[in-house]
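Chemist: Below, each chain spelled out in residue letters.
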Amino acid sequence: MTKLIELIVNGVATGAVYALIALGFVVIFKATEVVNFAHASLLLIGGYVVAETHDDFGFWGALVLGVLVAATIGGIVEFAVIRRARVLDQAVVAIATIGIDIVLTSELTRRIGTDTLALGDPWGDHLVHLGSVTIPATRIAALLAAGTLIGIFLLAFKYTAWGVSMRAVAEDSETAALMGIRLGRVSIGAWAVAGGLAAVAAVFLTVFPTPGLDRTTSYAALKAFPAAILGGLDSTTGALAGGLIVGLTESLMTGYQNDLVFLGRGIGDVAPYAVMVLVLLWRPAGLFGTRETARV
Amino acid sequence: MSRLLWLLLLVPPFYLDGFWLQAGLFAMAAAVGAIGLNLLTGATGQLSMGHAFFLAVGAYGYTYWAGEGMPPLLAAILSVLLAGIAGLAFSPISGRLGGVNLGIATLGLVFVGQHVLFNAEDVTGGVNGKAVPPFELFGFVFDGTEPLNVLGIPFGQQEKLWFLGLAVLGLAAWFAAGVLGGRPGRALNAVRDHRIAAGVMGVPVARYRASVFVLSSMYGGLAGVLIALAFQRTVPDYFGITLSLDYLAMIVIGGLGSVRGAVVGALVVTLLPQMLTHYSDALPESLSPASAARLLYGTAVVVIVLFLPGGLSRLSLPTPTPRPKETPA
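So the protein lines, in turn, are chains V and L. Per the working numbering: the first sequence = residues 543 to 838. Per the working numbering: the second sequence = residues 6 to 334.
Please note: incorrect hints may appear among the correct ones.
Per the computed footprint, the stretches of chain V lying under chain L, defined by three or more beta-carbons under 8 Å from a beta-carbon of chain L, are [to be verified]: (1) 554 to 566; (2) 595 to 602; (3) 606 to 617; (4) 692 to 702.
If the Cβ cut is set under 10 Å, some of the chain L residues that face chain V in the computed set are [stated by the list, open to error]: (5) Thr46; (6) Trp70; (7) Phe168; (8) Asp251; (9) Ala298; (10) Val307; (11) Pro314; (12) Leu317; (13) Ser318.
By construction, these hints were calculated from the structure, which means they are not laboratory data. Just so we're clear, the structure is a prediction, and the values are computed from it rather than from any experiment. We treat Cβ as the ideally placed atom computed from N, Cα and C, and that holds for glycine.
Here chain L stands alone, though its shape is the one from the complex (with noise of 0.2 Å):
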């Protein structure tokens, strides 16, 4: 089933206009960051506000390296690197503090994050960002300057990016399932369920704490550098403890603790404002898109914690064969 459902995602591109290849691009950029999210606050049961961070390190990190000429794969693989490496220097704090307090502790990474975003100008750009050169593999450049003919389609940017994206978000999404159906995700589970049982069936805890912290950040490196790719351009504001609060969101959404609950609250979070825009005519005057987006998403955060503890994710359809009735004993 899901590998048809993966199957369909090669057909939009030669359906679907810019502005809708655009919002899945995004979509799919917010997927990979969140499934990185999901190892971290769903499996484990460690908040992180500071994903946007993460996301700023990976974005900036291939800007620049980019622009200094050095070939995009490397400047990806090496801003993937720098993200986790940046989790890394967090992990006395990430590997001590549980839960909800490392929330807290997390927000100071956004807040002093985007403080030299806005101020390490020779890096950065300052407040106006900087323009984010393109991916490039093995010679084939991810642009629009020739668009390549595939079936009668004109493949421009958007179209080439769209299969990045896919076999990025596929990557990811394969590799996350594998640490979340092993042994490291029932340890991960096991920390969240029961910390100091965890511990006395011989998980290290402060470690895989630490260690799922680095992997959720490299997560949120490898997200920043897709958007920087769809956006092709960085802008610090973006960056901001709105965007964390975005991804906690998603994760709520879809589901806590699986690959596809990450999938399914980033479709929704990111789909839902570019779908609001498109048809703004239908909202009240005094209703931006974006704070309509916000207050539908944020109410449904709430009924979900409260109604759906699963996630979207776990709605199941009625099966059309009824299920053979229980035996009482």
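Chain V on its own, in the form it takes in the complex (with noise of 0.2 Å):
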């Protein structure tokens, strides 16, 4: 029982991070409509300026550097790329997309190397006790970061003139353009809130237990993909909930691996796959997504 709480507080911990980054892509596909797949780059961007800055700015100092960065480079990605390919095919800018996530990723891990970087993050090793519960505290900062962190995106999603042209963006892009909002910084804005997202997503991704940030921390970003489209591409609620779901797949399936040894090792990995498969296959458009629906 107690490893089932664990397990379960573990899971939502990193669903909540899985859920910081979809919602990030989430944002990026509602404002641009494009689908993108350098997010994990742009993630690992964000973390290697942390793991690389920490011992000069400390680590909230350097934190704040890697959402920086990471915002500015995808609103760079946004301002070279994506706005001037958009006539084309979304297909054809997913791809355009794929080249610069191939860039991004090999110049880091050539950077990286074979190291793994630590963080430099307050909470260590440090365990915290709950009664016969014991979970990692950087989990614990991670629910809470990422909580807040959904929270205020949320509210400002509802109630803030950003949040307000991104809605009426996604709602209806050439009426939102004819009532004065700007389309141009409507998307730059989304693409460097989903680096910044991505950024903070990266710390918690590579604290305790974690060993650190090493070449393979982009898989671990890949994760994010099946948590998007599960919970549906353009729905917000989506994405928290298709994060959750990966988290807590991914930690009961590591948990409880010796229960499933006929599966294979490592099956906790490739789980969230599975399930993503297994969800497409009941809902095409995910759990909250949109049917797509045409009039003729």
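With the hints in hand, could you dock these two chains into one complex?
Modeler: Structural data, given as structure tokens:
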């Protein structure tokens, strides 16, 4: 029972981090109708900056810097590539983001090499004991941070002028433009926000119990894709639900893998993808996505 | 023109050494796979990040069956069919999901597939993979044990496989050109350009999406068989997400939606790392040939999407005779 509770708390905490990544992904999709396959590399950039600069600026300074750098790179990608390719077929723009991802990831993995970089976070390997349940402090921090950020984001999305214009563009970009909303600003804003969220997520993906930031971190970040699509690509609620499902599946399957030996070693890492395929069989638009309908 | 090119491709085994023949063989195998992906992604607009999975099915299917003593030709045909069946099993998703969404869904294939490759050790050999038995056609073995003397050149494994690869590529390109040039090709393009209009005109959209997915996975399987033969060993690490991305890079660089584009792109993406490896002395120390190649063609993808939407294969050389001036109507 204790183990189950620990696994669930762990799963919800990592799930919140995945939700953070998926949220950025969904925001980009809503604002620009582009599926951003370079998201994992934005995350890697944020994490790399934090890992490299925490000696000089302290953890919090480095975190701010990482968020700023990832947001800036996201903005640059939007400004230099996506904005200029917008007229094209959606799938072609998606492939362009794959090109960006190839460039960014190979440059970063070259810099990281075979090292495992520490992030210098204040939580270290502290454990929190609640009765018989033991949870790493990093997981609680992840849960709090992700929860706060998601809350702030959702409130901003609902009540600020930025959020209203973002939703208007998602609803109907042409009409929004006619109403005086500047599409360029909305979309560059979306990319920057997504980059920033990814940088925060990078920290929590690589702190204890994970050894640190290494070249495989982008694979961990990839799990936000199934999170986004199984919730529904155009739904912020879906991103949250998808993130939690992925986090829980991963945590439970890894925790009980000794009872699941027939599924092979390392099942926890692939289970999210299997769940995604199953959900898509049942609901092709994802759990909360709007079903594509068309009037002729 | 293009017939002349095909004829010219018969020449290299007489002149090139093993390294370049091997590189050429990889390029031909990749070209077969890229043609298949271009049918799906280029012509139909259905993104797939799962191509590596179908390559793996082909490669491992051949290795397993030929290793169990089945005639290699039969093993090769069966593995292509197996890849097709795997594609068919995915059809509830590939028929219903459009474009980019399918791309994310197919990510699942790669990860689950690689998991199986690592764990089903009896069939796949696990992490270390398996040795690939040589190909054999009506008693003629494609290996280096009995060099065949052709015009004074000893034909070893690479020389023999070159001709096999060329024949397979020729057939694959011919078939795909037939598909694209005819009624199915127009239907696929219609599905890509306007799904609803295509449906209204009587194109069964879901069936075409699912069928082209099956066809593309069979091309993937065939490419996998060739890659297995060229490598002589199948290892699960190779068939990861990076490989899928490489194939997408190929078709964008070469040109979406055409056979020629797929072949040109496959040449660029597979030969670039080989060339950089060969001339690696000229590279800065910290830059490995593989990552230099990835930086180059990643940039190429972005540049081509932005400035050259037709890909490299649409680049036309200036014609020597000036075109007649159009007369204003």
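Chemist: All the hints need checking, so say for each whether the structure fits it.
Modeler: Here is how each hint holds up against the structure:
no. : hint       : verdict
1   : 554 to 566 : violated (count 0)
2   : 595 to 602 : violated (count 0)
3   : 606 to 617 : violated (count 0)
4   : 692 to 702 : violated (count 0)
5   : Thr46      : holds, 7 Å
6   : Trp70      : violated, 22 Å
7   : Phe168     : violated, 33 Å
8   : Asp251     : holds, 9 Å
9   : Ala298     : holds, 9 Å
10  : Val307     : holds, 4 Å
11  : Pro314     : holds, 7 Å
12  : Leu317     : violated, 14 Å
13  : Ser318     : violated, 16 Å
When the structure is compared with the earlier hints, violations turn up for hints 1, 2, 3, 4, 6, 7, 12 and 13 and for no others.
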